[in-house]
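Asker: Got chain A; can you put chain B on it based on the hints?
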Amino acid sequence: MKRFLAGMIAAAAIAVAGATPSVAQQTRIIVVSHGQAADPFWSVVKNGVAKAAADLKVSVDYRAPETFDMVAMSQLIDAAVNQKPAGLVVSIPDASALGPSIQKAVAAGIPVISMNSGSDVSKKLGALLHVGQDEFDAGKAAGEKLASMGGKVGVCVNHEVGNVALDLRCKGFAEGFKGKVTTLPVSNDPSEIRSKVKAALSDASVDTVMALSASLGGEPTLAGVKEAGKIASVRVATFDLSANFLKAIVAGEAAFGIDQQQFLQGYLPVAFLALNAEYGLVPGGNVPSGPNLVTKEKAAQVVDLSAKGIR
Amino acid sequence: MTTSTADLAAGASRPIDPAAEARDERLRRVSLIARLMRRPELGAVAGLVLVTVFFGLTANPAMFTLAGLMTVLSPAAQLGILAIAAALLMIGGEFDLSIGSMIAFSGLVFGALIVVGDLPLLAAIVATFVFAGLMGAVNGQIVIRTRLPSFIVTLAFLFILRGLSLVGLKWTTGGSTQLRGIGDKAGQGVVRELFSGQALEGLFAWLAQANLIAKFPNGTPTVTGVPVGVLWFLAIAALATYVLLRTRFGNWIFAAGGDPNAARNSGVPVNMVKTTLFVLTACAATLVAILTVLDAGSTDARRGFQKEFEAIIAAVIGGCLLTGGYGSAIGAFFGAIIFGMVSIGLTYTSFDSDWFQVFLGGMLLLAVLFNNFIRRKATGER
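Protein chains in written order, with our numbering: chain A, 1 to 311; chain B, 312 to 693.
Any given hint might turn out to be false.
Said to hold, decoys possible - In the SDA-like style, the derived pairs of lysine to any residue whose C-alpha atoms are separated by at most 20 Å in a straight line are: (1) B:Lys-496 x A:Glu-160; (2) A:Lys-57 x B:Phe-662; (3) A:Lys-104 x B:Thr-376; (4) B:Lys-481 x A:Val-164; (5) A:Lys-104 x B:Gly-530; (6) B:Lys-496 x B:Thr-483; (7) A:Lys-104 x B:Thr-483; (8) A:Lys-104 x B:Gly-508; (9) A:Lys-84 x B:Arg-458; (10) A:Lys-104 x B:Lys-481; (11) B:Lys-481 x A:Pro-93; (12) A:Lys-84 x B:Lys-481; (13) A:Lys-104 x B:Gly-513; (14) A:Lys-104 x B:Ile-524; (15) B:Lys-481 x A:Glu-160; (16) A:Lys-84 x B:Gly-513.
Unchecked claim - Between beta-carbon pairs, the in silico distance windows are: (17) A:Val-106 x B:Phe-620: 30 to 38 Å; (18) A:Gly-109 x B:Gly-498: 26 to 34 Å; (19) A:Ala-165 x B:Gly-498: 26 to 34 Å.
Unchecked claim - Some chain A residues near chain B, calculated using beta-carbon distances under 8 Å: (20) Tyr-62; (21) Arg-63; (22) Thr-67; (23) Phe-68; (24) Asp-78; (25) Ala-79; (26) Gln-83; (27) Asp-94; (28) Ala-107; (29) Ala-108; (30) Gly-229; (31) Ile-231.
If you're looking for bench data, these hints aren't it; they were derived computationally from the structure.
Glycine included, each C-beta is placed from N, C-alpha and C at the ideal position.
Just chain A, with the same shape it has in the complex:
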């Protein structure tokens, strides 16, 4: 039993040795997001954070709750504030749950930048600025592009009816597209999306289909268009990127995917806060990280970079 105890102490000592903080005097920035570490989208954000930390030679800690748990996330923000970092980066998916903790950080004099979600409440809660993609503007840019490609009658495939962000994407699309746009409400069941898209294409005038998420909406939409035999005549575009959708873009089957460039959502806030800590510099307003429309010309490079966890 003594040996067992000694073993445990040794194990603890090894853990301690491995954990000795490497930097003590560096500027310290803490990032608290709602994205789980294993989520491919958020691992790109985290890579952006790490790159900014390396480039600007600051120490950054990235924290996220293990599950989508807003109570746990507010506790992580509280714990971050207590360490008095030189800057705090947060995503705000639920303003009422996270608001008090963020306001506490602001009241404590810690500069806060919000990213990814929460552009509507960022200013109100006292954040310096927001780095993210405006859903409406992104939809509008996509609509304009599709109209310039010759689209006249469009369908917006909404796979999460009631999600305000998705409503805004469709609204922006309609605004930019200028032509006739109908919203097609579907569930996120791929076979349902496929058959509903096929049914919508029975109206021969439809020449453009917009999906709101590459893997959930874009891929089944593309399959539906293929089954209807209209892949050559109907333009398909989607929000966000996925490996299969990128392949379709490279093959010329799909028009483009809208990249919100979440790498920047990790990189820029950390860079801004590092510059703020050193020189007191801060941009004067929100920074849109996207949209960047990934068309056939850019797709090959994106495929390459997404394998490296940058897009």
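Answerer: Using the frame of chain A, we list chain B on its own:
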């Protein structure tokens, strides 16, 4: 001693009367240290010391300030309220895996009563507790009448309640998985103060004024009060410990979990005890739901996710046996603090967060092993 019948079956909890011990020559004298070491919670206290030493060496010193303590206690309190109820139920020989989902479901019921039902806060709280109590009783009755393992029955409710939370939320909000505006509609007042925000704010403001506690560079104190959840946690831990060790019902719990047949034969109402304990766990989940919903002002379908496992882990760290009949409430109290310390403490270190779950699991395993080692040592390798 309040009862003699249940005593035989409830040996684990029997408080030793020193006078009686001295009189009876058949009993071997046991030293104070050995008696102390045989308490089920000792391992948890030792584990807490181990974890504290670990973070003392690796974490940012801010963790061990007053404000750091509050950031640790806040999640520990929420988990602890569940863990203490789960510990009592485990001592009583049953499991409740539905408590995590119960948090989401009670939160939905509570939110819907306030936002859609326009009920005043107190009425909504009472109604939610009554509803949760009924759900607990249903759980208990199914387990008792079918004699199926509670593990399976409550596992079914884990899914049922989680699913109902999603359905109910979409139905209440017209399609969203998040119900907002509860905090604004709940209004202010004494009842609100009991269930949300912080307590003892005056004391902390005075302490800050007198420069006795730390302040941020701009002068606001780092701690403005104790979260009410922490006070609930302390009160429930004290009450549960008292009930378990000093009342007839406490002896019944040990008896029902240790050997239900022997307990029945000696007149313990085992079914009543178990049903009450199921009601208790459901109500503990509801208390956590109300505390978090009022603090966050919103609820969503993912609230309380996996909390049932965390609660059972905390109870086991605290010395509860999975077989029932042995354990303590104060042990679960320390178990929850260990859990809170590990989960928040890691954010005070410079570990890469990708390693978070590995560390969490490793620390918990270490705490349980250490706990087990101490207990075996103390009880003489039984």
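Asker: Each of the hints needs a verdict: does it hold here or not?
Answerer: Outcome of the hint check:
Distance restraint check for Lys-496 (chain B) and Glu-160 (chain A): the Cα-Cα separation of roughly 27 Å exceeds the 20 Å cut-off, and the hinted pair is therefore not satisfied. With a CA separation close to 18 Å, the supplied pair Lys-57 (chain A) and Phe-662 (chain B) stays within the 20 Å bound. A threshold of 20 Å between alpha carbons decides the hint, and for Lys-104 (chain A) with Thr-376 (chain B) the separation of about 17 Å falls inside it, so the pair holds. With a C-alpha separation of about 14 Å, the suggested pairing of Lys-481 (chain B) with Val-164 (chain A) holds against the 20 Å cut-off.
For the suggested pair Lys-104 (chain A) and Gly-530 (chain B), the alpha carbons sit about 13 Å apart, so the restraint of at most 20 Å is met. In summary, the hint linking Lys-496 (chain B) to Thr-483 (chain B) is supported, as the alpha carbons are separated by about 15 Å, within the 20 Å threshold. Proximity of Lys-104 (chain A) to Thr-483 (chain B) is assessed by CA-CA distance (about 31 Å); at most 20 Å being required, the pair is judged violated. Between Lys-104 (chain A) and Gly-508 (chain B), the direct Cα distance comes to roughly 13 Å. Compliance with the 20 Å bound is thereby established for this hinted pair.
The straight-line distance between the Cα atoms of Lys-84 (chain A) and Arg-458 (chain B) is roughly 54 Å, outside the 20 Å bound, and the hint therefore fails. With a C-alpha separation of about 32 Å, the suggested pair Lys-104 (chain A) and Lys-481 (chain B) falls outside the 20 Å cut-off, and the hint is violated. Note on Lys-481 (chain B) and Pro-93 (chain A): the hinted pairing holds, with a Cα-Cα distance of about 18 Å set against a maximum of 20 Å. Under the criterion of a C-alpha separation no larger than 20 Å, the hint pairing Lys-84 (chain A) with Lys-481 (chain B) is inconsistent with the structure, at around 39 Å.
The straight-line distance between the Cα atoms of Lys-104 (chain A) and Gly-513 (chain B) is roughly 18 Å, inside the 20 Å bound, and the hint therefore holds. With a C-alpha separation of about 17 Å, the suggested pairing of Lys-104 (chain A) with Ile-524 (chain B) holds against the 20 Å cut-off. At most 20 Å may separate the alpha-carbon atoms for a hinted pair to count; Lys-481 (chain B) and Glu-160 (chain A) meet this at roughly 12 Å. About 24 Å separates the Cα atoms of Lys-84 (chain A) and Gly-513 (chain B), which puts this hinted pair outside 20 Å; it is violated.
Between Val-106 (chain A) and Phe-620 (chain B) the Cβ separation comes to about 35 Å, which falls inside the hinted range of 30 to 38 Å. Gly-109 (chain A) and Gly-498 (chain B) have their C-beta atoms about 32 Å apart, which keeps the hinted 26 to 34 Å range intact. Between Ala-165 (chain A) and Gly-498 (chain B), the C-beta spacing of about 30 Å keeps the proposed range 26 to 34 Å intact. Taken as an interface hint, Tyr-62 (chain A) checks out: its beta carbon lies about 5 Å from the nearest beta carbon of chain B, inside 8 Å.
For Arg-63 (chain A), the shortest C-beta to C-beta distance to chain B is roughly 5 Å, which falls under 8 Å, so the interface hint holds. Evaluation of the Thr-67 (chain A) hint against chain B yields a held restraint, the C-beta minimum of about 5 Å falling below 8 Å. At a threshold of 8 Å, the smallest CB-CB gap from Phe-68 (chain A) to chain B is about 5 Å, leaving the interface hint in force. The closest approach between the C-beta of Asp-78 (chain A) and any C-beta of chain B is roughly 5 Å, which is under the 8 Å cut-off, so the hint is satisfied.
At about 4 Å, the closest approach between the beta carbon of Ala-79 (chain A) and any beta carbon in chain B falls short of 8 Å, and the interface hint on this residue holds. For Gln-83 (chain A), the interface hint holds, since its Cβ comes within 8 Å of a Cβ in chain B; the closest pair sits about 5 Å apart. Because the beta carbon of Asp-94 (chain A) sits about 6 Å from the nearest beta carbon in chain B, less than 8 Å, this interface hint is met. Given hint, Ala-107 (chain A) at the interface with chain B, holds; its Cβ is 6 Å from that chain's nearest Cβ, closer than 8 Å.
Because the beta carbon of Ala-108 (chain A) sits about 4 Å from the nearest beta carbon in chain B, less than 8 Å, this interface hint is met. Hint on Gly-229 (chain A) is violated. Least Cβ distance to chain B is approximately 34 Å, over the 8 Å limit. Given the 8 Å rule on beta carbons, the hint for Ile-231 (chain A) is violated: about 32 Å separates it from the nearest Cβ of chain B.
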